[in-house]
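Student: Next come the chains, spelled out residue by residue.
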Amino acid sequence: MTTLLQRFIPESREYLESASAGLLGLERNPANDGLVNEVFRAVHTLKGASGLFDIPALTRLLHAGEDVLGAVRSAQMTLDSTAVDLLLDSLDRVSGWIDSLEAAGALPTDADGISARLSKQLWALLPSAGTAAKAVAVSLEVAPPPDWLADLPLEERQAALNASAMDGANLQAITYTPDDGCFYRAEDPFHLLLQLPGLLSLSVVRRDEIALAETDPFRSALAYRAVAAQPRSEIEQLFRYVIDQVVIATIPASAIDPIGLEAFVSPQSVGTNCPMAARILSEQRRIVALPGADTALKSRIAAVEATIASLLASLDWTVPPGELAAAAGDACMGRPERMLGLIAILEARARPARSESESETIAADPADVLIDRRAPLSAEARHPGRILKVDQNKVDRLMTLIGEMVVSKNSLPYLAKRAEEVYGCREMGREIKEKYAVIDRLAQEMQRAILDVRMLPVSEIFDRFPRLVRDLSRRLDKQIELKVIGEETAADKNIVEALGDPLIHLVRNAIDHGIEMPDQRVDVGKPEAATILLRAFQEGDQVIIEVSDDGKGIDPRAIKLKALEKNLISEDKADSLSDQQAIDLVFLPGFSTAKEVSDLSGRGVGMDVVRSAVEKINGTVTLTSRKGEGTLVRLSLPLSMAVSRVMMVEVGDGLFGVPMDGVVETVKLPLARIKRIKQAEAFVSRNAIIPLVRMHEVLQTPRGLVNETGEEAVLVVRIGGRTIGLVVDRFREGIDVILKPMDGLLAGMRGYSGSALLGDGRVLLVLNLKELL
Amino acid sequence: MPLTITRTLARFEDCCMVEEALSLLEFLKGRKSAKVDLSRCTYLHSALLQLLVVGSVKIVALPTDPLLARWVGRVLAERHPEHLAQPVQIAR
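Those protein sequence lines, which keep their order, are chains A and B. Everything in the first sequence is counted per the numbering used here, starting at 135 for the first residue and increasing by one. Everything in the second sequence is counted per the numbering used here, starting at -10 for the first residue and increasing by one.
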């Protein structure tokens, strides 16, 4: 089942539910416009969504319902209880089909017929349909065997009888009148009819007598007549797209009676249930059909003739005089059709007329049929897995609450410490710690569960790419194959949603700029069809999404030239850049490498937009490329935005948090290793010079600890590609915090990304190093 | 080319789709008795079948595909029994 269908199913249940509830409300209070609108919208939306799938029966029925509701909405008609009943019936039917879609991936075979009948009934309600249409609709329900059956050649009628007698299958007469424009809709009536299994007769009639010279060859001018031994539902399914142009009638054996037997059968024996006779007759049929045309045939036929004659006599049945003898004569000449036809007719008489009685229930009363067929939808089949749709704010509130709980549980260790140190009660302290361990575990599980609620698979956004790639590659005449890996990887809803636009941009870039024309690709020895790979996977607490192509890659020199041209960098700087650094220039605002601005990408918004969008959700973008081999863009994103891990440091008398993802290492640095370069300080670590920044100066707090150990505590961080050492007073532990953005008066304050509450009630300011330094 | 037209004969080959309808009509229009060879036809679109029904054609050969031959033969036999060059065997 496709993910699209998976989503459609719970959604449609919701719409159905609200539509049914609305209808019931409307029945009580027909004047409620709000309810009418609500029901109409639900049905309308559902119809639209169902159009995505190959389920015309469902779409058509909803369409009919929508028409009726539309007429109600525009006050052309009022809903009486008959209409409500019919609409509710239809909705129940649709809901049953949805269940079957979920269970079997397809609608039940009888869906097309039911849909056609129900929608005709619905359309008949419309005021514009009028009484005439209503009568037509009803007559279509109980279509009698068409007159043209009598025109069929004898052998076809016999074959039809044989088929019905042999398999007990229902014979159906199909009158198919395609409309004029059907060729324009790529319909092919003749071909469609050839698909019909058990086709026994097929003929055409011209719908007009236009001479050849005036014929429009693209206008369908024929009506088709066919007979098939198939259950009605199978035929309805085959014709599901054109079902309004088809009339299907169940044929009782008498209607194709090739020898006019009807008239000769004594009235009292009509419908006799005579299983013994039926068994004898079917045995005779088997004997007649035995192969071989030698002398044995004649005696076999003679025996059959005698058996049938005595059977007729005992049942007090008669057949046209000479018919039995003529049939036997033909059979001896190797043409058993007539004999078989005769036997079939008699068999149909002798049997408890199964096919006829069945056809009568179909034909008798449409309402009965509906009730009859609804029965199989048993109660337990109707309670499928439900999905609860919850307002996002409610989940967010849960998230905040669990966050506060995590924080307040963190105060328990402080309490334990106080119990020990202030009240001198070690026992108590230990018990508090034990309880803390339990609460800690529960809180963590709860947090994970709530985070899970917000998780969405990245397929949410990946799903739109096949179409995008297809359309764009067509437009640009490039051959591109899209591969998607790991679409089930999940991340927080906000993150997945925020990724949509940047990803579209990246894929467009790859198609537009990255991938060469097919002939160019062949020239450099690559396969004609290019590949774009979308890959998602989880790495630690990050989600990685990669967009890669095997196109022409990025030429670092071209990038440098372009950047110089646009005065984005100076010439000296350009010379000193490594290839990777040059490639990173594409992230500069106002950089666009395409020579011409196309409407696909390169509209002045470029990779810098991608970068800022990704950074907004605390992610990073890296781009690697090899000229001639392709480009890889890698987005790393946090799994969830709700909880961030920070490293706590003490500076002066304050406590500050530094986001953990920027921290490279912590170093205890002997004073002697600090080098002074003019006013600036630096130290050497792993063969690199790392500038030092004294945080108490930056944060303008008094220097707290006087250093007695002869060491400085240095937090090495990476900010925007630079490595910097932050001199702090003391390291503290790393903790998970719920980061609250600064608001109110503090909202405009630069240098802080937010605040968080600590277990002991203190407020932790979390630094935004990029802004601060 | 699914439809090859010579002076008096139209030969159908492979899948003959609706696109051929116009050329078939042109062919049929000009002639009192047009001959049609369906032997290599594997698919006959309704639009073409319809022209064969309306026009006065002589079917020189039915398709080799038995299903197609049976029903094309059946449909054409009823409309124009006199135009069939040979009796159509209705296969069972």
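These aren't lab readings, by the way, just hints derived from the structure by calculation. One should not assume that every hint holds.
Coverage of chain B stretches by chain A, computed from C-beta distances (three or more under 8 Å per stretch; other residues unrestricted) [unchecked claim]: (1) 11 to 25; (2) 33 to 44.
A few chain A residues facing chain B, derived, Cβ under 10 Å [stated by the list, open to error]: (3) 335; (4) 345; (5) 353; (6) 797; (7) 818.
Backbone N, C-alpha and C fix where the C-beta goes; we use that ideal spot for every residue, glycine too.
Student: Against each hint, give a clear statement of whether it holds in the structure.
Tutor: To see whether the hints hold, each was checked on the structure:
1. 11 to 25: holds (count 5)
2. 33 to 44: holds (count 10)
3. 335: holds (8 Å)
4. 345: Since the shortest Cβ distance to chain B is 8 Å, the answer is holds.
5. 353: holds (9 Å)
6. 797: Hint on residue 797 of chain A: violated, closest Cβ of chain B at ~68 Å, above 10 Å.
7. 818: violated (77 Å)
Violated hints for the displayed structure, listed by number in ascending order: 6, 7.
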